[in-house]
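Engineer: Construct all of the structure, not just a fragment, from the sequences and the given hints.
Read top to bottom, the protein sequences are chains A and B.
Going by the UniProt record's numbering, the letters in the first sequence line up with residues 1 to 278, in that order.
Going by the UniProt record's numbering, the letters in the second sequence line up with residues 1 to 241, in that order.
One or more hints might be untrue.
Claimed, not checked - Listed next, the in silico SDA-like pairs over lysine to any residue satisfying Cα-Cα at most 20 Å (straight line):
(1) Lys159(B) to Ile132(A)
(2) Lys9(B) to Ser257(A)
(3) Lys159(B) to Ser257(A)
(4) Lys14(B) to Gly20(A)
(5) Lys9(B) to His217(A)
(6) Lys48(A) to Lys77(B)
(7) Lys14(B) to Ser257(A)
(8) Lys209(B) to Thr221(A)
To be verified - Computed from the model, here is a short list of chain A residues facing chain B with C-beta under 7 Å:
(9) Arg22
(10) Ile26
(11) Pro133
(12) Ile134
(13) Pro179
(14) Tyr181
(15) Ser218
(16) Leu220
(17) Thr221
(18) Ser222
(19) Ala223
Treat the hints as calculated values from the structure; they're not laboratory data.
For each residue, glycine too, the CB sits at the ideal point set by N, CA and C.
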Amino acid sequence: MIKVVKTGFYTTIQDTGRYGYRHKGIPVSGVMDAYSANLANALLGNDKNAAVLEMTMLGPTLLFMTETEIAITGACMSAALNNESIINNKKYLVKSGDILAFKAVTKGFRSYLAVKDGIQTPGVLGSRSMYIPITNRSQIENNTIIPVDTRIGHTIGYAHIKRDWSWFTDPVLDVYKGPEYDLFPEIGKSLEKNYTVSNVNNRMAYQVEEAFLVHRHSILTSATLPGTVQLTPSGKLIILMKDAQTTGGYPRILQLSDMAMAKLAQKRMGDVISFQLL
Amino acid sequence: MQSFNLTYKPFGSKAILIEWPAIINEEILKDIVSYKQHIQKYFSNTELIVAYHTLTVIFTNSVNYREIEENLRDIYKLNIERQVFEVSLWKLPVLYGDRLGLDMQQYASDKNLSEQDVVSLHTRPLYTVYAIGFLPGFLYLGGLDKKLHQPRRSEPRLKIPEGSVGIGGRQTGIYPQASPGGWNIIGNSPVRLFDVNNPQRCPVNVGDKVQFYAVNRYEYELIAIQVQTGVYQFEKQVHYD
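Structural biologist: Dropping the structure here:
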């Protein structure tokens with residue numbers, strides 16, 4: 001068990017997502033930066049679908065009531081185990097009674113904490129990812145008890161990888177043409193510009209400050225996917241993320257690659273992004 | 001059976017979007033649902049999303065687009081042997097007006113109708129479910145009487161209660177969860193169109209029919225209790241088109 005002493009800014013339990021229910025309007029959900037989350041699980045030898053904590057902007061303070069192994073990846077939140085700094089991308093052994101505390105991000109936006117064999121909250125429709133109304137809560141709260149496998153006698157082997165920080169600073173997002181791309185013959189010029197991430201950025205969608213392209217096209221409601229970039233008539237881009245609705249009525253001009261989505265998940269207000277057609 | 005000229009488009013690296021002519025039409029919807037059933041037989045590992053005039057086929061991993069498009073075109077040829085279409089007709093109770101029909105008075109007076117007129121015009125059609133999305137269990141219904149069309153409220157509400165029955169433009173529907181929204185709320189349905197604890201979760205499928213019927217406060221409370229305790233049975237009929 002892990003007890004949440006302080007929640008941080010926005011901390012949720014996520015795995016690779018909830019598949020097979022989109023025809024009933026249920027979003028996929030799952031980790032926003034799948035690349036970093038995979039790495040956390042890999043460091044512990046976990047299954048790829050093991051549930052992790054996704055921590056946004058400001059991390060939580062956690063009291064371990066069980067011995068386990070942990071790994072932290074993604075954004076840097078100056079983690080400290082019993083007041084001693086620990087680094088990202090490395091496996092650690094924690095003991096019952098240990099306190100793991102995070103601070104505000106210094107690089108990136110979302111950090112991942114994996115525990116040995118994954119977080120053991122009950123799965124709902126094949127996933128542990130938090131999303132209301134599928135799960136009862138949308139985020140962890142103070143005093144939440146997070147179940148993890150109880151084991152004793154862990155031995156800590158060497159598991160540490162170096163990561164390139166360009167993951168957090170590189171503005172370029174790879175995109176495919178979206179289904180309505182060809183409706184906009186003048187789109188090329190807009191694609192070459194840089195855009196600034198606005199304060200509207202969450203697990204459902206990211207928006208940018210600059211107008212992209214004003215238009216008067218409308219489409220009949222049709223499917224959207226995580227990574228779909230919608231263009232509103234006023235010229236706003238809506239970049240759908242993991243908790244996004246499954247259908248929409250704005251033209252879908254671009255589709256982010258999986259890697260681009262993971263990269264965008266590490267951006268926050270004021271960061272610059274640009275698009276590169278695949 | 002009528003066969004349509006379809007357009008196939010890649011949608012990212014794992015999905016394909018299939019488009020019919022961009023109109024709201026029952027024949028098109030039936031063709032899509034039938035095609036979807038054929039695709040399910042050949043590709044088990046896919047998610048298929050139907051909405052109005054499109055079918056989106058989503059694979060688990062990246063696909064060779066050209067190859068899959070060819071396979072899908074072959075499967076569509078089988079669709080000519082479509083069988084008699086059988087769908088469900090769901091009868092959904094609504095308490096019109098009253099406390100939960102937040103906008104009923106204003107709406108009826110704006111439309112120059114009595115509240116009773118609104119109820120009879122709203123309960124008459126067999127609505128068609130053209131898509132499910134926006135929220136888990138939210139049904140996009142086609143077939144609202146022209147006399148009931150009404151623009152969305154100029155000030156959207158931050159929270160509309162679960163079960164609210166509303167009219168927004170040419171659409172009508174039920175909010176399956178509490179949510180922000182700008183529709184004119186004329187009533188409330190006590191049934192749960194999405195319930196994660198119910199094995200069926202959302203029993204309604206795209207292509208099904210929905211008809212509303214009016215209940216009084218007493219009947220509403222009774223059904224609400226049945227829903228709460230898990231004994232409520234949806235009123236459903238087989239419907240042939």
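Engineer: Now tell me if each hint is right for this structure.
Structural biologist: These are the hints, each one checked on the structure:
{"no.": "1", "hint": "Lys159(B) to Ile132(A)", "result": "holds, 15 Å"}
{"no.": "2", "hint": "Lys9(B) to Ser257(A)", "result": "holds, 16 Å"}
{"no.": "3", "hint": "Lys159(B) to Ser257(A)", "result": "violated, 34 Å"}
{"no.": "4", "hint": "Lys14(B) to Gly20(A)", "result": "holds, 14 Å"}
{"no.": "5", "hint": "Lys9(B) to His217(A)", "result": "holds, 19 Å"}
{"no.": "6", "hint": "Lys48(A) to Lys77(B)", "result": "violated, 39 Å"}
{"no.": "7", "hint": "Lys14(B) to Ser257(A)", "result": "holds, 10 Å"}
{"no.": "8", "hint": "Lys209(B) to Thr221(A)", "result": "holds, 19 Å"}
{"no.": "9", "hint": "Arg22", "result": "holds, 5 Å"}
{"no.": "10", "hint": "Ile26", "result": "holds, 5 Å"}
{"no.": "11", "hint": "Pro133", "result": "holds, 5 Å"}
{"no.": "12", "hint": "Ile134", "result": "holds, 5 Å"}
{"no.": "13", "hint": "Pro179", "result": "holds, 5 Å"}
{"no.": "14", "hint": "Tyr181", "result": "violated, 9 Å"}
{"no.": "15", "hint": "Ser218", "result": "violated, 10 Å"}
{"no.": "16", "hint": "Leu220", "result": "holds, 4 Å"}
{"no.": "17", "hint": "Thr221", "result": "holds, 5 Å"}
{"no.": "18", "hint": "Ser222", "result": "holds, 4 Å"}
{"no.": "19", "hint": "Ala223", "result": "holds, 4 Å"}
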